[in-house]
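Number of protein chains: 2
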Amino acid sequence: MSAWKQRLTKSLHQTRNQPESRYFQLATVDTQGVPENRTVVFRQLEDEDYSLVIVSDTRSAKWESLTHQPMASICWYFSKTREQYRFTVNARCYNRKDDKSLIETYWSKLSDAGRKQYFWGRPSSVRQNDAPLRVSEDMTQPPEHFSVMKFRVLAVDYLSLQGNPQHREKHWLDESGNWTTQPIVP
Amino acid sequence: MSAWKQRLTKSLHQTRNQPESRYFQLATVDTQGVPENRTVVFRQLEDEDYSLVIVSDTRSAKWESLTHQPMASICWYFSKTREQYRFTVNARCYNRKDDKSLIETYWSKLSDAGRKQYFWGRPSSVRQNDAPLRVSEDMTQPPEHFSVMKFRVLAVDYLSLQGNPQHREKHWLDESGNWTTQPIVP
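Line order of the protein sequences matches chains A and B. To convert, note that position 11 of the first sequence is 69 in our numbering; the numbers rise steadily by one, no gaps. To convert, note that position 136 of the second sequence is 194 in our numbering; the numbers rise steadily by one, no gaps.
It is possible that some hints are incorrect.
For chains that are exact copies, the list does not tell them apart, and a pair is met inside one copy or across any two.
Stated by the list, open to error - DSS-like cross-link-like pairs, simulated, lysine-lysine; straight-line CA separation at most 25 Å:
id	residue 1	residue 2
1	K138	K68
2	K155	K63
3	K174	K138
4	K174	K228
5	K158	K208
6	K68	K174
In case anyone wonders, no lab produced these hints; they're calculated from the structure.
Let the hints inform the model, and build the full structure from the sequences given.
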C-alpha cells in the first residue's frame, strides 16, 4: 500500500463520525479555461488503481468540463485531524453505454433520497415554481443521465497542520510505477 | 446589500464557533491549463466591491497561476448549516510594490505563528532535514514575498441541502451592476 493511502485510511478512520469524511472539493476547468469548484460526495476508494469514485449526472457542468479536460484537482480537508490532501487526478467518466454493470452497481448503493435527485430536472436549469420537485418515476433502474466518475490519483500533496512546524510531503508515481515520497517546505 | 451577502453573513454567524467559518477551497488553473485546488484561510469580506480576501506568498503556485489566469472559483461549504457557496471570482494580487499600505495592514493582523510561516523557505521546495524550521528573523516587517489576494465576486451558485427538495439559486451582476437572483434546479 502506498504511504499516502495508509495516511488517508487513517484519516478516514479518525473522522468516521465527522461530516468531512463523506465529501471533498473537486476542481475542474471549463471549455473557456475557467476553473470550477464544488463539493461532491465520496463514494469509494478503489484499491487496484487508486481511484476516488463519485456519482454524477451527464447533464452537469462537470461532465462537459471533464470530457474536455480530464485533469482535475481534488482537495480533501479533515478539520478534526487538521490534515489536507490535494490530489492531482485524471478523470474517467462512465454512463450506461460505457459500462452498464458499473452504473448499476453504484445505482443500487444509492438511498431513495439520493436517487430522487436524478429526477428533479436538468441541473442548473431555471426552476419554474416553488412547488416541491415531485418524483413519480420508477426509481429501480438508473436514468440515462446517471453516471459514475473515477478519478485516478497521479500525485498527492499532503499537509498536516498539527505540530509546529507543519508537515508537508509530496507523493507521486515514478517512471517504474512506484509511489515516491518527498518532504517539502510547507 | 445583495441577497447572497445577507445569506453569507447569516451562515458565518451560525457557524462562528465552527472551523469551517475560517477557510474555503480555492481553485485556480496553472499555466498548462490543469486545475489546482487548496484550502485557504478567509481573512475578510470587503464590502465596497464584494471581495473575499486572503494572504499568500508570491513564491506559491497560486500566485503564478493567478497572474496567468485571474479567473478562479471558490467553494465554501458549511457543514453545520449544510449550505454551499460557489463563487466565480476575479483575482487581484498585491505585493509590497503594488500597495504598501494594504500589505502592512494585513501583516499587522497576523499572529506570530502566522508570520513565522513566511520564513520557513520557498514553499514546495525540498525540505533538507527533519529539524524544526526555525525563525530568527525580525518579524515586525513583512518579507518581500508576503502578498494579499482579493477575489472579486462576479457570480454565486448557492445550495442549501436542508429540506427536501434542496434549494439552489444563482446570483449574478447584471449589466446595470445590480445583483439578480434566480432559483434553479439543484
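If the cutoff is 25 Å on CA atoms, where do K174 and K228 land: within, between, both or neither? Let me know, please.
Classified as between; 22 Å across copies, 40 Å inside a copy.
Since the copies are identical, ignore which copy is meant and state whether K68 and K174 lie within 25 Å (CA to CA) inside a copy, between copies, both or neither.
neither (33 Å within a copy, 29 Å between copies)
As a check of your reading, is K138 near K68 (CA-CA no more than 25 Å) within one copy, between copies, both or neither? Answer is both; intra-copy 12 Å and inter-copy 24 Å each pass.
(Q) I want to check one pair: K155 and K63. Are their C-alpha atoms no more than 25 Å apart within a copy, between two copies, both, or neither? (A) neither (31 Å within a copy, 43 Å between copies)
* Asked: 25 Å Cα cut-off: does K158 pair with K208 within a copy, between copies, both or neither?
  -> For K158 and K208, the Cα distance is within 25 Å only inside one copy (15 Å; across copies 46 Å).
Classify it for me, K174 with K138: is the Cα-Cα distance of at most 25 Å met within a copy, between copies, both or neither?
between (31 Å within a copy, 23 Å between copies)
The structure does not agree with the numbered hints 2, 6 stated previously, though it agrees with the rest.
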